[in-house]
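Engineer: Sequence:
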Amino acid sequence: MSVLFGYSEIKTMITYEDLQKTAEEANEKRFTHAEILRGCISHFIEQYEQSLAIVDRTFRDHKGQQEKIVTLGINENGIFKEKHLHELKLSDDFSLSFVIKTVITTKDPQSTWIASPITISRQSGVVTFVFTGSSETASCRIPQGNLLTVYSEAAETLKLMTMDLIKQTAPE
Numbered sequence: 118m119s120v121l122f123g124y125s126e127i128k129t130m131i132t133y134e135d136l137q138k139t140a141e142e143a144n145e146k147r148f149t150h151a152e153i154l155r156g157c158i159s160h161f162i163e164q165y166e167q168s169l170a171i172v173d174r175t176f177r178d179h180k181g182q183q184e185k186i187v188t189l190g191i192n193e194n195g196i197f198k199e200k201h202l203h204e205l206k207l208s209d210d211f212s213l214s215f216v217i218k219t220v221i222t223t224k225d226p227q228s229t230w231i232a233s234p235i236t237i238s239r240q241s242g243v244v245t246f247v248f249t250g251s252s253e254t255a256s257c258r259i260p261q262g263n264l265l266t267v268y269s270e271a272a273e274t275l276k277l278m279t280m281d282l283i284k285q286t287a288p289e
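Numbers in our numbering are just positions in the sequence shown, counted from 1, shifted up by 117.
Hints listed in this document are in silico derivations from the structure and should not be mistaken for laboratory results.
Predicted model only: the values in this text are computed from it and were never measured.
We put the CB at the ideal spot given by N, CA and C, even for glycine.
There may be inaccurate statements among the hints.
What the hints assert, rightly or not - Derived BS3-like pairs (lysine-lysine); straight-line CA-CA distance at most 25 Å:
id, residue 1, residue 2
1, LYS200, LYS146
2, LYS206, LYS185
3, LYS146, LYS224
4, LYS200, LYS185
5, LYS198, LYS218
6, LYS218, LYS200
7, LYS284, LYS185
8, LYS146, LYS185
9, LYS284, LYS224
10, LYS218, LYS284
11, LYS276, LYS224
12, LYS218, LYS206
13, LYS185, LYS198
14, LYS276, LYS200
15, LYS276, LYS185
16, LYS180, LYS224
17, LYS200, LYS180
18, LYS224, LYS185
19, LYS218, LYS180
20, LYS180, LYS198
21, LYS198, LYS138
22, LYS138, LYS206
23, LYS276, LYS218
Said to hold, decoys possible - Computed beta-carbon distance windows for the label pairs:
id, residue 1, residue 2, range
24, MET130, TRP230, 21 to 31 Å
25, GLN167, TYR133, 47 to 57 Å
26, SER228, GLU145, 34 to 44 Å
27, GLN227, HIS203, 26 to 36 Å
28, LYS138, VAL172, 44 to 54 Å
29, THR223, ILE196, 17 to 27 Å
30, GLU145, PHE176, 33 to 43 Å
31, ASP225, LEU202, 25 to 35 Å
32, GLN167, THR223, 20 to 30 Å
33, LEU202, GLU142, 29 to 39 Å
34, LYS185, PHE148, 22 to 32 Å
35, MET130, THR249, 45 to 55 Å
36, PRO226, GLU166, 23 to 33 Å
37, LYS185, ALA255, 36 to 46 Å
Produce the complete structure using the sequences and hints provided.
Structural biologist: Written as structure tokens, this is what we have:
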């Protein structure tokens, strides 16, 4: 590789092998970063379910089929698609975007469900969840620690946004 500075030429000693090694290191860092975020999502969902005091995490819908109350997925062209954690892809800004679908069973044969878009990112070791509601956005920084309780504020934020979205489905 050559770099021109004025009329002189400086040659660097970067080889194709150096480029390959750097690319492999970058891929490994992206993979590790994504795995850390996926782990945070898993713990967050577990804390969210526990904070809802859900006895049974599944229910039978009006057709008699087993469904989950809390489901991880993505918004694909306005349609909720269930996904597994490993299917979530790291975006160009090194964040993961996903949707948490919460089904609320009522006396009606059809259950109400709310899909809440969330983005998780990590910069300088700090994990941040950003929740997007219909009229507002809220973010929660997750303190470092191994206990599920570090996700309590994020779970409470999701519950508040879900409650707000449910209220918006009825006239005043």
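Engineer: Holds or violated: are the alpha carbons of LYS224 and LYS185 at most 25 Å from each other?
Structural biologist: Status holds; Cα separation ~17 Å.
Engineer: Check the hint pairing LYS146 with LYS224 against an upper bound of 25 Å on the C-alpha distance.
Structural biologist: 49 Å, violated
Engineer: Next pair to validate is LYS180 with LYS198; report whether the Cα-Cα distance is within 25 Å.
Structural biologist: Holds, at roughly 20 Å.
Engineer: In this structure, is the beta-carbon distance linking PRO226 and GLU166 contained in 23 to 33 Å?
Structural biologist: 24 Å, holds
Engineer: Is the hinted pair LYS218 and LYS180 satisfied, with a Cα-Cα distance of at most 25 Å?
Structural biologist: 19 Å, holds
Engineer: Would the pair LYS146 and LYS185 pass a check requiring their Cα atoms to be no farther apart than 25 Å?
Structural biologist: Violated. LYS146 to LYS185 sits at ~33 Å, over the 25 Å cutoff.
Engineer: Check the following: the C-beta atoms of GLU145 and PHE176 are separated by a distance inside 33 to 43 Å.
Structural biologist: 41 Å, holds
Engineer: In this structure, is the beta-carbon distance linking LYS185 and PHE148 contained in 22 to 32 Å?
Structural biologist: 28 Å, holds
Engineer: Need the status of pair LYS284, LYS185: alpha-carbon distance at most 25 Å?
Structural biologist: 22 Å, holds
Engineer: Checking one constraint from the list: CA of LYS200 to CA of LYS185, max 25 Å. Satisfied?
Structural biologist: Holds - the C-alpha atoms of LYS185 and LYS200 are around 13 Å apart, at most 25 Å.
Engineer: Given the hinted pair LYS200 and LYS146, is their Cα-Cα distance within 25 Å?
Structural biologist: Holds. LYS200 to LYS146 sits at ~23 Å (cutoff 25 Å).
Engineer: Is the hinted pair LYS206 and LYS185 satisfied, with a Cα-Cα distance of at most 25 Å?
Structural biologist: Satisfied, since the Cα-Cα distance of roughly 23 Å is no more than 25 Å.
The structure fails hints 3, 8, 21, 24, 33, 37 (numbered hints given earlier, in ascending order).
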